[in-house]
Each structure stands twice: as C-alpha cells, then as structure tokens.
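Here the structure of chain Y is known, so what remains is to put chain R in place on it, guided by the hints.
There are 2 protein chains.
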Amino acid sequence: MDTYRFALLGFGNVGQAFARLLLAKRDELQTQHDLRWQVVGIMTGHHGAAVNPDGIDLESALAMIDAGDSLDLLSTEPTPQNGVEFILSCNADVLFENTPVSYHDGQPAIEHISAALSTGMHAITANKGPVVHAYRELTRLAQAHGRKFLFESTVMDGAPVFSLWRETLPAAELQSFRGVLNSTTNLILTLMEQGKTFEEAVAYTQSIGIAETDPTGDIEGWDAAIKVSALVTVLMDVNLKPSDVERKGIESLHSEDIRSASAEGKRWKLICQAERTNTGISTSVRPELLDPSDPLYSVMGTSSAVTFHSDILGPLTITESDPGPHTTAYGLLADFINAVL
Amino acid sequence: MDTYRFALLGFGNVGQAFARLLLAKRDELQTQHDLRWQVVGIMTGHHGAAVNPDGIDLESALAMIDAGDSLDLLSTEPTPQNGVEFILSCNADVLFENTPVSYHDGQPAIEHISAALSTGMHAITANKGPVVHAYRELTRLAQAHGRKFLFESTVMDGAPVFSLWRETLPAAELQSFRGVLNSTTNLILTLMEQGKTFEEAVAYTQSIGIAETDPTGDIEGWDAAIKVSALVTVLMDVNLKPSDVERKGIESLHSEDIRSASAEGKRWKLICQAERTNTGISTSVRPELLDPSDPLYSVMGTSSAVTFHSDILGPLTITESDPGPHTTAYGLLADFINAVL
Chain Y
4 MDTYRFALLG
14 FGNVGQAFAR
24 LLLAKRDELQ
34 TQHDLRWQVV
44 GIMTGHHGAA
54 VNPDGIDLES
64 ALAMIDAGDS
74 LDLLSTEPTP
84 QNGVEFILSC
94 NADVLFENTP
104 VSYHDGQPAI
114 EHISAALSTG
124 MHAITANKGP
134 VVHAYRELTR
144 LAQAHGRKFL
154 FESTVMDGAP
164 VFSLWRETLP
174 AAELQSFRGV
184 LNSTTNLILT
194 LMEQGKTFEE
204 AVAYTQSIGI
214 AETDPTGDIE
224 GWDAAIKVSA
234 LVTVLMDVNL
244 KPSDVERKGI
254 ESLHSEDIRS
264 ASAEGKRWKL
274 ICQAERTNTG
284 ISTSVRPELL
294 DPSDPLYSVM
304 GTSSAVTFHS
314 DILGPLTITE
324 SDPGPHTTAY
334 GLLADFINAV
344 L
Chain R
4 MDTYRFALLG
14 FGNVGQAFAR
24 LLLAKRDELQ
34 TQHDLRWQVV
44 GIMTGHHGAA
54 VNPDGIDLES
64 ALAMIDAGDS
74 LDLLSTEPTP
84 QNGVEFILSC
94 NADVLFENTP
104 VSYHDGQPAI
114 EHISAALSTG
124 MHAITANKGP
134 VVHAYRELTR
144 LAQAHGRKFL
154 FESTVMDGAP
164 VFSLWRETLP
174 AAELQSFRGV
184 LNSTTNLILT
194 LMEQGKTFEE
204 AVAYTQSIGI
214 AETDPTGDIE
224 GWDAAIKVSA
234 LVTVLMDVNL
244 KPSDVERKGI
254 ESLHSEDIRS
264 ASAEGKRWKL
274 ICQAERTNTG
284 ISTSVRPELL
294 DPSDPLYSVM
304 GTSSAVTFHS
314 DILGPLTITE
324 SDPGPHTTAY
334 GLLADFINAV
344 L
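Protein chains in written order, with my numbering: chain Y, 4 to 344; chain R, 4 to 344.
In isolation and in its complexed conformation, chain Y is listed as follows:
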C-alpha cells in the first residue's frame, strides 16, 4: 500500500474542514480504497507554516489553529518565505491549493500549481482562479508530467459537476446551461423574501461565514461570473474570462421588488447562463424574475443548482443543498481518490 504525502497550502475554513475529513475517513480510505496519507506540510495565511518530512500530526495542527498558535512550532524545517518555496520544501505527492481566489489573474495560485506539477505532484484546488486563467496550460503541464490537475470543488462545492461530464457523460456535447451558482446572493434573496432588509440579509450571511468581510464579489455577480467562466472553459472548450461574462449583480434589487414579486407568486434569482451560438458563446449573470414552473424557482437559501442541456439527453439538473466547508472538502478528497485510483 502506498502512502501519499500531502502538502496543504491554505488552511482556512476549507483547509481545516479537509483536515477533519481526512481524519474522519482515514480508516475507510485504508481498508476500502487501499490508500494511506500523511501530511508533510501546512502553510497558513496568518498562522505560520510547518514542514516535517516525517509527518505532521493533523489533530495537533487543528488544535493549534483553534488556540490561535503559529504552526511554526510543528516545523522541523526552516520556515518557507512563500508558497512556491513551501511547495518545493515539502517533497510531497499531492498539493492541495486552497489560497484565496484572485478573480483578475488567478495568482499566486497558478504559480503554486505550476510549481507542484513541474516537480511531479498532483495538484488539487478549490480555487477558481487557476481554472479560469490557466486551465489549458496547467492541464497540459499535468499531462506532460503524468499527473492530474483537478478542481471539482470550484463550482457547487463537492457536488460532482466537472467529474459528471468527465466520467459519466462520454460523447455528449454540452450546448447550454442555466443555474443558480452563488450561495451568498441566493441566501440574501431568500432572507429578503422572508422580510429582512438587504443590509440585514448581508450581515446575516457574513455572520455565518459564507460571505466575505467585503461581500462585493458575491453581490455584484463576480463569483457567479467566475463560475460561469470555469464551466464554459472546461466543459464547453472555449476560453472565457469572468470579465467576458455579461454581468449584473443583485445590488439593484430592493425590498419592494422582492415583495411585489412575492405578491405575484414569483421570485427573483441571480441566474447564470451560457449557450453555444453560431459565433461562439453567449453568457450572462443577472437577476431574473422566475415563476413557480421554473425548475430554479425552488432553489432556496444556500442551495445551488444547474441544468445542463446537451445534444443527446433531455435537460439534466444537479441540485446541491446544505453546502459548507465540509462539502467543499469532500470535493478535494474525491479529486484525490480519482487522481490516484
């Protein structure tokens, strides 16, 4: 049985949830999938970094983060000064890249993943930046080194979207899709329908940790646009940047709009769509007024959904409810298993 050596770059909500999932599934991975793992490096944004070729005790690392301590205390090696230095010092088999997303250029995550693939590591990420800004280059680099670059968690958390097309729908061509892909705005609209003001709703999404301190990326539709870009780039084989997506956020919707929609039995949703046209791809992110016959009408709260239209199947919809860091973490684990088995 092989033991895979993991480097965890980024140890926020998702990185920590992944660590807990690894611990919870340790025995099952060993007995049912013949897979062992060992974490040889963890680099955090604000709590230091640890590199130990003999393995880092994950439970200790989680406890130290909870206590506000620096992981430097767990390191047996000199503290790396940046992500690339960290990756090169780990001598790992798999990099899990979970640093914060950069919408405009995907850095430094692209550099991190390049460094990992170039030195023979698989690279797995929940970070959308590298997918929309360097999918083809990183995939080619992975192939050249006989490794995998996987990113299931970047859209709809751990729900299978990329692997659905890669593994289960061969010889089907994606022609269009339409979905609700941003949890924060969908929860805000749900709360406003329940009577909260926009400001109260935003504050609530921040209080439960799903919106950033600056929630602009969600509210103005950038997060939805980067997900549209990722799906189009990977599944429709057309390079598309977030800035190429026609984009309107929910900032223009007022409580009055929500109330009057509700009075008519309708509902506003931030709808993402993409469609192949004669000249390329037409894409948009914008609020739409849905009536109850629309399959996306009932996608409430933090749930998300996407309907795929292909040349060969009727509309196929994937709906994910109750997402969270633990479901994003599952996408990382599924990618790891798919990469090595």
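There may be inaccurate statements among the hints.
One copy or two, either will do: identical chains are not told apart, so a pair holds if it fits within one copy or between any two.
Stated by the list, open to error - Think about it this way: if two alpha-carbon atoms lie no more than 25 Å apart in a straight line, the pair counts; the simulated DMTMM-like pairs of lysine to aspartate or glutamate are:
(1) Lys251 / Glu215
(2) Lys151 / Asp37
(3) Lys199 / Asp37
(4) Lys199 / Glu291
(5) Lys199 / Asp240
(6) Lys269 / Glu249
(7) Lys269 / Glu203
(8) Lys244 / Glu223
(9) Lys269 / Asp294
(10) Lys269 / Asp37
(11) Lys199 / Glu267
Don't read these hints as lab results, they were simulated from the structure.
Chain R alone, transformed into the frame defined by chain Y:
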C-alpha cells in the same frame, strides 16, 4: 484502432433508438474516442434475427423493421432458435441485452448476460431484471472474465445514477434516497391534475408509447419497486427484491383526491424511498401528498428525480426531463464507452 463487434438482443423502441444513436455518433466515436463498432447480430422479438460476421448494415435493418420485414433476410448464418444460441453464434465483443423485463425472476435476460460474459463479452443492458435478481453473480462473473456488466439505463434512463456513485462520489456512503422514478404514473398524475380522468390519462400514456398495453406494472408500483430494488442492491450493498419493497400504487387515487389536493396547493406523487436502519433497509413506494416546498413537487410529466443523502455531502438531487428511448439509448452508449476506455 480496435473495432468492437456488437450483438443487439432485443430490437424494440430502445434497441432501435440505440441503432440510430450509433449511426449519428459514428464519426465522433471514431475521431474523438478512437472507437469503431460493427453490428454482427440483431435478434428481435417478432421480426426475426440476423447474424453476419462481416457486419450488418444498420440503416437497412432499421428500414426493414419500419417496413415490417423480417431481419432473417439480412442473415448469412442459420437462424438462432433462442437468445443464448444467438449470443453464441455472434462471436461479438459486446452484448446489448434489451429484451422485455421480467419482474419476478429476471429471466431469460440473466441467462443471456451469463452466456455473454462467460464467452468473454462485455454485457450492457437496459433491463432491470438481471440487476435486481443477479447483480452480484453477474458482476463476479464479469470480473472473473475481465469484462464489464453495466446497466446505467435501468433507472432514470440515460441520466447518470449508477456511474455517478461509481465514478464521481468515491468514499461517500449512501444512507437514504427519495425520488419520483416512474414516468408513466407521474405523467398520469400530471394529466389528472389538468382535468383528465384516470382512464383518459392512462390511455394517453399508452398512445405515446410510454406505458405497456397492460400498464399494471406501472400503476401498481412494480416498476418503481424494481427501480428501488436496483438502487438499493447496487448502491447500498443490500440485496433487495421488488417484492421486499412496501408497495402501494396510484390505483387508489381518484380525480376527487387530485382536485382537493390541488385546491390546497398540494400535489400527489408516487414517491420511492429507501433508508438504512439499524436492522437493514426500510423501503417503500407509495402515493404521498407533497406541498410546494418539497423538491419533488415540481417534477412533472415524464420527468424523474432522485435525492441522495450521504454521510458526507448535503442532499444531492438529479433531475431528468424529457426522457425517451433516445435517452435510454444514450445510457447504453455511455456504458459501452466506460466499459472499453
């Protein structure tokens, strides 16, 4: 490039749709997947059989069926007397078994698939009988011969359900599911909500070819129960026969029930469910009165849907709309590609 030799046993709506799909995707399979195929045998229920080691022209076969002619005219070999004789005479690489389902014992499809696997063929079927009555035996037989036994089309047509769990959700354990899995009864209930009587609705489903001449299997819930059995047997690793499922059909629902539900903003659906318990599995098929907040409330007409609950993800729902023989045919094609690539 390999050329795979196909034997098509059963050439009704699904078998013919599969033949049309093979013709439509011939070039794409060759250029994008490096796969060639040749049909060396077709056996029908009422229009004879053809075996030709040099390949049968599929367009001619489809035209002859349309014209009501016997396929015997296309054969270069003696006419086989039964399915097993047909399989043995074909010398094929892949058997597509699409004979009518037998709810109570899965025969003769199990014999057909056994014969195919034993002689080194992959066996792919849209027939639920072999899955619920011989899944483990046939899977072991396939493994012993280094071949695949696949059956994606048996539940929700070509929508990926089995391959979803096999390929995209590793190390996740299915704990329960709930769904609308029988298209005929769902369409009947939709039509009754629109004002048709039960008898008119049944007649309509027969007129469009989705219900059998004797629609009892659908109406009494047997088709739904066999799908529950298939999902439980394969995805939850517990053998379950259709007769083990607590079962109540839609025959007890009257127009008055549908109307009064509608007046309250509710809707009757034939709901399938299964749940792991301390002592095993609890399963049922029965009409349930759903309110609009239920995710299955909006599954109308011939659409179907299933929500999976696992140990590791939030509820994950797959919804398929506009199914038909062409989508069942796609499941067969996807299984073939997954078997050989």
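Against the structure, the hints come out as follows:
For a Cα distance limit of 25 Å, the shortest separation of Lys251 from Glu215 inside one copy, 19 Å, qualifies, whereas the shortest one across copies, 49 Å, does not. When the C-alpha separation of Lys151 and Asp37 is checked against a cutoff of 25 Å, the pair qualifies both within a copy, at 19 Å, and between copies, at 22 Å. Taking the shortest alpha-carbon separations for Lys199 and Asp37, neither the intra-copy value of 50 Å nor the inter-copy value of 57 Å comes in at or below 25 Å. With identical chains, the CA atoms of Lys199 and Glu291 are at most 25 Å apart within one copy only, with a shortest distance of 20 Å there and 33 Å across copies.
When the C-alpha separation of Lys199 and Asp240 is checked against a cutoff of 25 Å, the pair qualifies neither within a copy, at 41 Å, nor between copies, at 46 Å. For a Cα distance limit of 25 Å, the shortest separation of Lys269 from Glu249 inside one copy, 24 Å, qualifies, whereas the shortest one across copies, 38 Å, does not. When the C-alpha separation of Lys269 and Glu203 is checked against a cutoff of 25 Å, the pair qualifies only within one copy, where the shortest distance is 22 Å, while the shortest distance between copies is 32 Å. In the homo-oligomer, the alpha carbons of Lys244 and Glu223 lie at most 25 Å apart inside one protomer (16 Å), although the nearest pairing across protomers, at 52 Å, exceeds that limit.
For a Cα distance limit of 25 Å, the shortest separation of Lys269 from Asp294 qualifies both inside one copy, at 5 Å, and across copies, at 17 Å. Proximity of Lys269 to Asp37 under the C-alpha cut-off of 25 Å is found in neither arrangement, the shortest distances being 51 Å within a copy and 49 Å between copies. For the identical chains of this complex, Lys199 and Glu267 are intra-copy neighbours only, at 19 Å inside a copy versus 28 Å across copies, given an alpha-carbon limit of 25 Å.
Hint compliance for this structure: hints 3, 5 and 10 are broken, all remaining hints hold.
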